[in-house]
Amino acid sequence: MSVACDIAVLGAGPAGMAAATEAARRGARVVLLDEYPAPGGQAHRAAPPGFRMPADSDRRAGDRLRHALALSGAELRLGHRVWDLAGGPPAQAGISRPFRIASLGPQGPAALEARALILCPGAQERIIPFPGWTLPGVIGLAAASILLKAQGVLPGRRAVVAGVGPLLLAVAARVMKAGAELAAVVDLAGPAEWQAALPALASRPDLLMRGLAWRARLASRSVAVLRAHRVLAAEGGRVLERVRVAPLSGGAPEEFDCDALCIGHGLVPATEAARCLGAAHCYAPRDGGWVPVLDKDGRSSVPLLYVAGDAGSLRGAAAAPASGRLAALAALADLGRLPPRRHARARLGPALAHAHAVRPGAAMAAMMALRPALLDGIAPETVVCRCEGVTRRDIEQAIGAGAREMNQLGRFTRCGTGPCQGRLCGEAAAELLAGRVGGRERAGFLTTHPPLRPVPIEMLLGEPAPADTAPVLAPA
Amino acid sequence: MSASLGIPAPSAPTPRRAPEPGFDAAVVGAGVMGCSVALHLAYGGMRVALLDRGPLCGGATGADAGLLGVQASPPVLLPYARRGQEMWLHMAAWAGGGHVQAVACPGLSLAFTERDAVLLQESAQLQRQAGAPVMLISGGRAMEIEPGLTDKVLLAAHCPAAGFASAHLTGRAFRSALLTAGVEVFEDRPVSAVDQHRAGFTLATPTGAVHARRLVLAGGARLGEMAGWLGFHLPIRVRSRRILVTDRMRPMMRTVLSMATEQLHLAQHGNGTAMIDSFWPEMGERPRDETLREAVRLAAFAIPMLRAARLLRTWPVLEAETVDALPALGPVPGVPGAWIIGGVPAGYASGPCFGMLLAQAMLGLEPELPLFPVDRLPAREIA
Numbered sequence: 001m002s003v004a005c006d007i008a009v010l011g012a013g014p015a016g017m018a019a020a021t022e023a024a025r026r027g028a029r030v031v032l033l034d035e036y037p038a039p040g041g042q043a044h045r046a047a048p049p050g051f052r053m054p055a056d057s058d059r060r061a062g063d064r065l066r067h068a069l070a071l072s073g074a075e076l077r078l079g080h081r082v083w084d085l086a087g088g089p090p091a092q093a094g095i096s097r098p099f100r101i102a103s104l105g106p107q108g109p110a111a112l113e114a115r116a117l118i119l120c121p122g123a124q125e126r127i128i129p130f131p132g133w134t135l136p137g138v139i140g141l142a143a144a145s146i147l148l149k150a151q152g153v154l155p156g157r158r159a160v161v162a163g164v165g166p167l168l169l170a171v172a173a174r175v176m177k178a179g180a181e182l183a184a185v186v187d188l189a190g191p192a193e194w195q196a197a198l199p200a201l202a203s204r205p206d207l208l209m210r211g212l213a214w215r216a217r218l219a220s221r222s223v224a225v226l227r228a229h230r231v232l233a234a235e236g237g238r239v240l241e242r243v244r245v246a247p248l249s250g251g252a253p254e255e256f257d258c259d260a261l262c263i264g265h266g267l268v269p270a271t272e273a274a275r276c277l278g279a280a281h282c283y284a285p286r287d288g289g290w291v292p293v294l295d296k297d298g299r300s301s302v303p304l305l306y307v308a309g310d311a312g313s314l315r316g317a318a319a320a321p322a323s324g325r326l327a328a329l330a331a332l333a334d335l336g337r338l339p340p341r342r343h344a345r346a347r348l349g350p351a352l353a354h355a356h357a358v359r360p361g362a363a364m365a366a367m368m369a370l371r372p373a374l375l376d377g378i379a380p381e382t383v384v385c386r387c388e389g390v391t392r393r394d395i396e397q398a399i400g401a402g403a404r405e406m407n408q409l410g411r412f413t414r415c416g417t418g419p420c421q422g423r424l425c426g427e428a429a430a431e432l433l434a435g436r437v438g439g440r441e442r443a444g445f446l447t448t449h450p451p452l453r454p455v456p457i458e459m460l461l462g463e464p465a466p467a468d469t470a471p472v473l474a475p476a
Numbered sequence: 001m002s003a004s005l006g007i008p009a010p011s012a013p014t015p016r017r018a019p020e021p022g023f024d025a026a027v028v029g030a031g032v033m034g035c036s037v038a039l040h041l042a043y044g045g046m047r048v049a050l051l052d053r054g055p056l057c058g059g060a061t062g063a064d065a066g067l068l069g070v071q072a073s074p075p076v077l078l079p080y081a082r083r084g085q086e087m088w089l090h091m092a093a094w095a096g097g098g099h100v101q102a103v104a105c106p107g108l109s110l111a112f113t114e115r116d117a118v119l120l121q122e123s124a125q126l127q128r129q130a131g132a133p134v135m136l137i138s139g140g141r142a143m144e145i146e147p148g149l150t151d152k153v154l155l156a157a158h159c160p161a162a163g164f165a166s167a168h169l170t171g172r173a174f175r176s177a178l179l180t181a182g183v184e185v186f187e188d189r190p191v192s193a194v195d196q197h198r199a200g201f202t203l204a205t206p207t208g209a210v211h212a213r214r215l216v217l218a219g220g221a222r223l224g225e226m227a228g229w230l231g232f233h234l235p236i237r238v239r240s241r242r243i244l245v246t247d248r249m250r251p252m253m254r255t256v257l258s259m260a261t262e263q264l265h266l267a268q269h270g271n272g273t274a275m276i277d278s279f280w281p282e283m284g285e286r287p288r289d290e291t292l293r294e295a296v297r298l299a300a301f302a303i304p305m306l307r308a309a310r311l312l313r314t315w316p317v318l319e320a321e322t323v324d325a326l327p328a329l330g331p332v333p334g335v336p337g338a339w340i341i342g343g344v345p346a347g348y349a350s351g352p353c354f355g356m357l358l359a360q361a362m363l364g365l366e367p368e369l370p371l372f373p374v375d376r377l378p379a380r381e382i383a
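Taken in sequence, the protein lines are chains A and B. All the letters of the first sequence, read from the start, carry residue numbers 1 to 476 under the numbering used here. All the letters of the second sequence, read from the start, carry residue numbers 1 to 383 under the numbering used here.
Please keep in mind that the hints were generated in silico from the structure rather than gathered at the bench. Since the structure is predicted, the reported quantities are computational estimates derived from the model, not experimental observations. Just so it is clear, CB atoms sit at the ideal spot from N, CA and C, and this is done for glycine as well. You may find that some hints are simply not true.
From the structure, some residues in chain B lie toward chain A, with a derived Cβ separation under 7 Å [what the hints assert, rightly or not]:
(1) Gly-62
(2) Arg-175
(3) Pro-251
(4) Arg-254
(5) Glu-285
(6) Arg-288
(7) Asp-289
(8) Val-296
(9) Arg-297
(10) Arg-310
(11) Leu-311
(12) Thr-314
(13) Trp-315
(14) Leu-318
Build out the structure end to end from the sequences listed, making use of the hints.
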């Protein structure tokens, strides 16, 4: 059941595709795993069968990466949900073990052994609750972006698009293009923040032009674009009916009738795989929050474990391929497949490309950094952890009862112990805790154990067991 | 009992700072054992310090599956497990209202094979001799008691007195009781060494020394290491288990299930999640994902409905076990004033009882049930 390879790459987004391509082109045996049936990730998501989407610049960049990947000789394991990661060489000298990657694929449970492992799981949406955020009709910006981009599906007929970051205008433009009415765009960032980000964005004139075109389109339809505003509440009976917004500085709230609210408070690096393998992490708000400690080539604190793309530091899809190639070259060098001088030469190109591409990404990451002021908007009775129905009041009480770090908070309240495994509530809960214990470092993060994602037991078992004999656990 | 004695600190880090007041007892390790000892010592009038390198019950205690009354062997521990279970069920009464949502329900131990059935018959007989009301029943009868059960059960042992607690709440439950009783709780305060002198013990920690006349070692999986502070060799090994949790299912289970082989225990909590407590050969040769799948397969064989659930979370639990699998509960030989508690696998269920018994002995009372002094173990002094 277990197959050995030189390098396994987790996640077939721009970083993973480029990493797998680079390593395979140079002769390594590479396996690239992804949960989705086609490579691309969220940035370059391939259209599902039966959907034909118009080619845009995202699509074209994705197609180039896909094309190179197809020619590289890397083996693709698509439709594989990775649920356990183990092994890897110990930090001190000792017997070197390969990494072991357990997944559930189209043919059932599978395992892969790899000498080196490159993690490219990307980022996930940061959710900061507000009254009404669990109403049907409220969806994340990233989720809306996927719906619109990959499937051309509208989140509603009249939408408010709110939050912060590059997805804000992108989703707003796509909502209009898809034929829905745009009630308002509510941007947390103020004009001064956009001004400050301009020089960095100017290094990517293509993106800047696209942004300007989006803004022009909003202006031509006289859509209300509210800068330095926030959503106070989503309201409605059973479903969303209206959104209440107000300036961040205070002031009179405004109401917008709508049946969809696409809202996102930025992105957070997906770190559960790196945490599961025990890599050291640090809290760096301008990189997106808790991120693995990496060197400039993506080496983590665990030997032969690398992290590339947004999972290491939020720098966007444009910077991801170069960071994937750097990690692949480092892995080849560390495995002894690339002599030091050739490695030094080979990494110059991607290093330069990366340095060029990270500037606009860093500016966007800074804009998307968590804004503690948003925490004030969480009412005591607002649910923070929707899996377990834990409210802000429950969290505050648990902190009062002695919970001072995330794992203890989880034990006391069940916050983060449900099916989302803390992905939805983790940021808000940690921030509430951090405010009381003196910072996110002290609040810590939930310890990660397998499964990395909830797994259906039926799938985990694979073939049905012989019906009449009880399985026996292997003796210790 | 005299309160603060203010023992001068021979190794105080800053001589100008007033030494921390001395305690009658310092308990190192704030799991269920340490919390219970500390609380009962305070009830007895002592001034107690409770120290842990992490949060209250943040180690094996808070991670336990919380299953009560499922430990079939050895029978000599049955009275302790029963007393412990009673204490959990009525925790609010002795812990100032704190509780762990403990509920009572029947326990079923299952045999699927002839070999299992022999094991089950033997252990049921031993348990009955020790006074436990254990009955052997048919698979059909077991299905009436536990509707979620498979029809593949050959023989079952029925115990009316089992149950389960929400172990993750243990720290919260103990906390207010400890503070109300006057115990000084020092979380995130790792002890690096213990200096033993005429007036008692000085505990070195990164944020200053703690002085106490008596010392209780309650370090769970680290008990052997702690005994080493006093130059005492405790023959102990670390055993690991793994807890597996599913997502919420409709309520279907009414019992705590065990396998005759003791490899796995299983219960469904009030919120609908099933909790599987599997004996875990973590240090073994087999890959973790394979052993995990085997544990899930065994659980789903017993309760077929589990096949429709999702596995949400798992985590390891490390425990110390003495060479004879009986508790380390009593004085540390050759070190007056030092006591030790732990070393028993699945110690959660009987933990509050062990803690109370040790406190009784330390307070000069006759313990309700006998202790398990460690001088029975093949100990040797470390040179």
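How the hints compare with the structure:
1. Gly-62: holds (5 Å)
2. Arg-175: Holds, about 5 Å.
3. Pro-251: With a minimum Cβ separation of about 17 Å from chain A (threshold 7 Å), the hint on B/Pro-251 is violated.
4. Arg-254: violated (21 Å)
5. Glu-285: Since the shortest Cβ distance to chain A is 9 Å, the answer is violated.
6. Arg-288: Cβ of B/Arg-288 sits 5 Å from chain A, so the hint holds.
7. Asp-289: holds (3 Å)
8. Val-296: Since chain A brings a Cβ to about 6 Å from B/Val-296, closer than 7 Å, the hint holds.
9. Arg-297: OK, holds: B/Arg-297 within 7 Å of chain A, min 5 Å.
10. Arg-310: For B/Arg-310, the interface hint holds, since the closest Cβ of chain A sits about 4 Å away, which is under 7 Å.
11. Leu-311: Holds - the Cβ of B/Leu-311 comes within 7 Å of chain A, reaching about 5 Å at its closest.
12. Thr-314: holds (5 Å)
13. Trp-315: holds (5 Å)
14. Leu-318: It is violated, given that the least Cβ distance between B/Leu-318 and chain A is near 13 Å, above 7 Å.
In this structure, the hints that do not hold are numbers 3, 4, 5 and 14, in rising order.
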